[in-house]
Amino acid sequence: MDNRDPRRLIRHNRHSSSHDRPTVTQSPHKKHPQHLSLLEFLGSMNLAITILVVLAIASIIGTVLQQNQPYTDYIIKFGPFWHEVFKALDLYDVYGSLWFLGLLGFLLLSTSVCIYRNAPVMWRDMRVFRMKVTPKSLRLMHNVHELETDQPSETVRQKAEQFLTRQGFRFKSRQDGELTILSAMKGGWNRMGYIFTHTGIVVICIGGLMDGNLIFTIKEWRDQIRLETRNIPVSEVPAISRLKPDESFSFRGSVSIPEGERANVVFLNVRDGYLVQELPFAIELKDFRIEHYPSGQPKSFESDLVIHDDQLDKPLEKTIAVNHPLIYRGYAIYQASFADGGSKLEFRLWPFYERQDETTDLEMTVNSSVELDTPAGPMTLELDSFKEFNVFPASEPEQKGKQFVNYGPSVVFRLRDASGQAREYQNYMSPILQDGRYVFVTGVRESSAEPFRFLSIPADRDMSLKRFMAFHRLIQDTDRVRQIAVMSTRAAMSTANLQDEKLQANVVNSMMRLLKLFNEGGYVALDDFIRQSVPEEKQMNVGQAYMKILQNLLRDLYMQLLIDEGVDLSQGVSDQDAAFYDDAVNNLAGIGAYGAPFYLQLTDYELREATGLQITRSPGKDLVYLGSFLLIVGIFMMFYIAHQRLWILIWPGNEGKTAVLFSGAGDRNRRDFTERFVLLADKLAGLLQKNRSGTGD
Amino acid sequence: MSVPESVMNENSEQGGFLARHSVYDWIFAVLLLAGSVVAWRKYTYLMDGYEVGILFGTAVSLVGLGWFWKPVRTLMLAVAALSLFAVWLYGNDLALAESNFFLKFLISSQSAIMWMSALFFMATAAYFIHLFSRNEFVGKVATAMVWSATTLCFVGLMVRWRESYLIHIDVGHIPVSNLYEVFILFAIITALIYLYYEARYRTRTMGAFALLVISAAVGFLLWYHFAKDASGIQPLVPALQSYWMKIHVPANFVGYGAFGLAAMLGLAYLIKDSAVRRNPEGLLARRLPELDMLDDVMHKAIALGFAFFTIATVLGAMWAAEAWGGYWSWDPKETWALIVWLNYAAWLHMRLTKGWRGRPLAWWAVIGLFVTTFAFLGVNMFLSGLHSYGEL
Ligand code: HEM
Chain C
1 MDNRDPRRLI
11 RHNRHSSSHD
21 RPTVTQSPHK
31 KHPQHLSLLE
41 FLGSMNLAIT
51 ILVVLAIASI
61 IGTVLQQNQP
71 YTDYIIKFGP
81 FWHEVFKALD
91 LYDVYGSLWF
101 LGLLGFLLLS
111 TSVCIYRNAP
121 VMWRDMRVFR
131 MKVTPKSLRL
141 MHNVHELETD
151 QPSETVRQKA
161 EQFLTRQGFR
171 FKSRQDGELT
181 ILSAMKGGWN
191 RMGYIFTHTG
201 IVVICIGGLM
211 DGNLIFTIKE
221 WRDQIRLETR
231 NIPVSEVPAI
241 SRLKPDESFS
251 FRGSVSIPEG
261 ERANVVFLNV
271 RDGYLVQELP
281 FAIELKDFRI
291 EHYPSGQPKS
301 FESDLVIHDD
311 QLDKPLEKTI
321 AVNHPLIYRG
331 YAIYQASFAD
341 GGSKLEFRLW
351 PFYERQDETT
361 DLEMTVNSSV
371 ELDTPAGPMT
381 LELDSFKEFN
391 VFPASEPEQK
401 GKQFVNYGPS
411 VVFRLRDASG
421 QAREYQNYMS
431 PILQDGRYVF
441 VTGVRESSAE
451 PFRFLSIPAD
461 RDMSLKRFMA
471 FHRLIQDTDR
481 VRQIAVMSTR
491 AAMSTANLQD
501 EKLQANVVNS
511 MMRLLKLFNE
521 GGYVALDDFI
531 RQSVPEEKQM
541 NVGQAYMKIL
551 QNLLRDLYMQ
561 LLIDEGVDLS
571 QGVSDQDAAF
581 YDDAVNNLAG
591 IGAYGAPFYL
601 QLTDYELREA
611 TGLQITRSPG
621 KDLVYLGSFL
631 LIVGIFMMFY
641 IAHQRLWILI
651 WPGNEGKTAV
661 LFSGAGDRNR
671 RDFTERFVLL
681 ADKLAGLLQK
691 NRSGTGD
Chain W
1001 MSVPESVMNE
1011 NSEQGGFLAR
1021 HSVYDWIFAV
1031 LLLAGSVVAW
1041 RKYTYLMDGY
1051 EVGILFGTAV
1061 SLVGLGWFWK
1071 PVRTLMLAVA
1081 ALSLFAVWLY
1091 GNDLALAESN
1101 FFLKFLISSQ
1111 SAIMWMSALF
1121 FMATAAYFIH
1131 LFSRNEFVGK
1141 VATAMVWSAT
1151 TLCFVGLMVR
1161 WRESYLIHID
1171 VGHIPVSNLY
1181 EVFILFAIIT
1191 ALIYLYYEAR
1201 YRTRTMGAFA
1211 LLVISAAVGF
1221 LLWYHFAKDA
1231 SGIQPLVPAL
1241 QSYWMKIHVP
1251 ANFVGYGAFG
1261 LAAMLGLAYL
1271 IKDSAVRRNP
1281 EGLLARRLPE
1291 LDMLDDVMHK
1301 AIALGFAFFT
1311 IATVLGAMWA
1321 AEAWGGYWSW
1331 DPKETWALIV
1341 WLNYAAWLHM
1351 RLTKGWRGRP
1361 LAWWAVIGLF
1371 VTTFAFLGVN
1381 MFLSGLHSYG
1391 EL
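From first to last, the protein sequence lines stand for chains C and W. Each residue of the first sequence is one higher than the last, beginning at 1 in this note's numbering. Each residue of the second sequence is one higher than the last, beginning at 1001 in this note's numbering.
Hints in this document: simulated from the structure, not taken from any laboratory. Possibly wrong hints are sitting among the right ones.
Said to hold, decoys possible - BS3-like, lysine-lysine: derived pairs with alpha carbons at most 30 Å apart: (1) Lys1228(W) x Lys1070(W); (2) Lys387(C) x Lys1228(W); (3) Lys299(C) x Lys1042(W); (4) Lys516(C) x Lys136(C); (5) Lys1042(W) x Lys186(C); (6) Lys1070(W) x Lys186(C); (7) Lys1246(W) x Lys1333(W); (8) Lys387(C) x Lys299(C); (9) Lys1354(W) x Lys683(C); (10) Lys1333(W) x Lys299(C); (11) Lys172(C) x Lys132(C); (12) Lys1354(W) x Lys87(C); (13) Lys132(C) x Lys186(C).
Quantities reported herein were computed from a predicted structural model and do not represent experimental measurements.
Please model the entire structure based on the sequences and the hints provided.
Below is the structure:
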């Protein structure tokens, strides 16, 4: 580095330990060497940078390792050994851990010490003019310009002062015998920028610590509070896990309130447990609304809240929405999420079992379960969720002109058998248009990791399930099936002029067997049967023959169904009824794999939603904002106000001329300053030599 | 659009305030403010108080920017003229994007963005040719291409803004709401910061490097558009429906853009430095930009980026306080913003108080870009959190 660096002469950059930038060290603390070395350590740049880097690394850990998940998830992921290690290191809650808070505390301390030690230097630097200069000392600097002028020194001085003022410099002058010294400075706020920036950091850290978990962590550590981990009603949570309204200085919790109900506590989730924070008022939810874009994406979430508080003359009503919270008595209430608050749903059970032709009606609320006695054994029906809208991109020609269609309400439930195995189902309430026909859609899957497999049960003329269910019942009704099978076989044989009781019985029997297979497992079961009982080379032919037999039987059964219904068949089967038959058979084939002993039809609902509120108290927030403001202002002052010094020395030169030495030092960016200095020197030279040509230097 | 020398004339001339600004300066300022008043009168019903404040705050800042850096005046007027032309062509019919000649081939937002992409790629090539041939003409062409690309890029965003309202009034929003849109923003801002230093240092040698990161962004943009079909205008999720987005996101991208530029200059520094060590007379050693200047611009870019990144993070915290109920939740995106910030704070301290220069800081700036890129993209790809819009 240039050893004519002006900073050597004018700055006491005490914290710098850099070897390539030697600085004059002059400590104001020399009297207390021991005290000093601790301070020196705490305020050292090395420590500061180490803390910054360690904080960064700790923060990375917190983002890579998902925080505050249930412990069981971690055990599965890392195994019991690493789980214990990570738990002991508090890695599941990095940002709330004592060591992380300690790190922040250290940053606070280090920055404070740094300010304590540097601020006086900065303060002096921004106010004090450097007057003790001589032509000799200034000539050592990087930026110097000398000239001689004919003008008398008094004029030169006046012009120089004018020049400095015009350029926005403050200056002081001193007379040293015949030597006039003008020492000027500009941009002293740059130094203030240091103070602002670093004070800002300290203030932010204090505010952040005030709002952080520190107080809880200490209380927990001293066993004054204990986390609750059980899933129990609020009223049963013991006092040691409860916090009184004014007990906590700051907190952040959440609560879910169903429409029409109120809450006066919030839950603070900590690691694998929670605490109950009591509020000094109660919040009632009158109504929760979701509005949707045409595409079905949510447009807004809003809650109409009523605050009940003894301090209020009458309850306070207020609607909150995302980005529009309510601040009440220092508690901020935010719209955070929503859930089902126990919607009432009405169902009709259409049994898939033979001879059970009675439907059953059922009423349930979301998130409840019932025990059902089914022909397949006892089952638990667990009602998981209800959705009022299902919007999808339009795909059917009939939906022309529309970009999106709403398929209406749907419900997700699980059926758990006696052994605890469960399947998940999703049913839509109203029939949906598919390939030009209306169908009841129901999906099934073995686990939530799989996609749903769907049945699309055709709706009949009345948009009901009746015909399909009657058809299903009919093919299960062995007596009637046999009757019809016999009839049609006989008819077929007589057209072929055959009469053979035994053959007829055989045909009817195989019909019955095929239909039974079909009922149990659809085409798959049929296929398996053929594969097992027929030699390979004949499978193809036999399969086709069986298929034909089955189809004929099903068609005859369907005709019988239409006759039962009283459909007029004099013109043959209508296109609509024919299409229904195809759809019905395809779906009848799937009932075996569907696995549920009934179809659960959603017939009516009464929506009840719950709002998810986040409630916080963060008294440190204003400090954080203040600190942020200081930080930003300080950064701009440091970066964009250049601290510059200029000196103009004037003394009598040879032959009655006046000698002028102009020099300057910029604080930060030498390249920029040199550029500026050349401009300034040109201008000054111009001013001083107005009535003369030629240059100095 | 070349850059006049007047960029260099700082206001050291202490003439009167009026005298220091040209007629063009005043026409520009009046047009800009008048435009804002018109926008305000016309769209009052769509704006809340904060948004009106942002509108006029932006207008005043842009006047300041135009006065400080003269070529930007022409840029803004060109963007305004072209955007208004497109808006006028559209009327109320979005379908015209497919049938109107100008819209279809030039200034519907998709077309403008495609032109921008092509121009940025061509400019990259031109800057490389200029770097090794030192052909002045090619250099000027490169600069002109970057200015044109930037103009079209801005037009693309402006028109997209209008298009979102044409889809449906409820869907309308400023186009800085998802990954696709902010990549465009990144390209513009990086280009502008680069152009400023190009004029300030009167050299086009840094262009090849600056344009590399822009081209990479544009490459990603095209991939995202064609492979992921990400260019559609989507309605805003409720959390994003806030005036904060208008200031938080652009501030962030001044930071990202500046850090991106700094990393590229760091790369240039490292290449040049090794080349000089190996053979001071070699082509690379002679052709690549001067080390001192690279070091200097790198520092300035990081300082600029740091200042704006600080603002952006603070704004983000204030927004989070309003939308999520806490100014700091240690959400992965937030946390990574902090990591980026700490990283550059350490960088600045090393330079300023430890006197580090050159190689180590150049390395650090390059590594810094990886940290920044992770914060910008990686978080969306690999980590979950509240900032989960703009997924890949
Ligand atoms: C998160 C914590 C900190 C932040 C964000 C921060 C930020 C800054 C910034 C932005 C600068 C200006 C750099 C430039 O002008 O290029 C700076 C300068 C400086 N910082 Fe820090 N700082 C922090 C902590 C510390 C600590 C703990 C110390 C004490 C060792 C310290 C000492 C300094 C010094 C001495 C300067 C140079 C001032 C000057 O000469 O102009 N900083 N800091």
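Verification of the supplied hints:
no.: 1; hint: Lys1228(W) x Lys1070(W); result: violated, 39 Å
no.: 2; hint: Lys387(C) x Lys1228(W); result: holds, 29 Å
no.: 3; hint: Lys299(C) x Lys1042(W); result: holds, 24 Å
no.: 4; hint: Lys516(C) x Lys136(C); result: violated, 115 Å
no.: 5; hint: Lys1042(W) x Lys186(C); result: violated, 45 Å
no.: 6; hint: Lys1070(W) x Lys186(C); result: holds, 26 Å
no.: 7; hint: Lys1246(W) x Lys1333(W); result: holds, 18 Å
no.: 8; hint: Lys387(C) x Lys299(C); result: holds, 16 Å
no.: 9; hint: Lys1354(W) x Lys683(C); result: violated, 35 Å
no.: 10; hint: Lys1333(W) x Lys299(C); result: holds, 23 Å
no.: 11; hint: Lys172(C) x Lys132(C); result: holds, 12 Å
no.: 12; hint: Lys1354(W) x Lys87(C); result: violated, 38 Å
no.: 13; hint: Lys132(C) x Lys186(C); result: holds, 18 Å
Violated hints, listed in ascending order, are 1, 4, 5, 9 and 12; each of the other numbered hints is respected by the structure.
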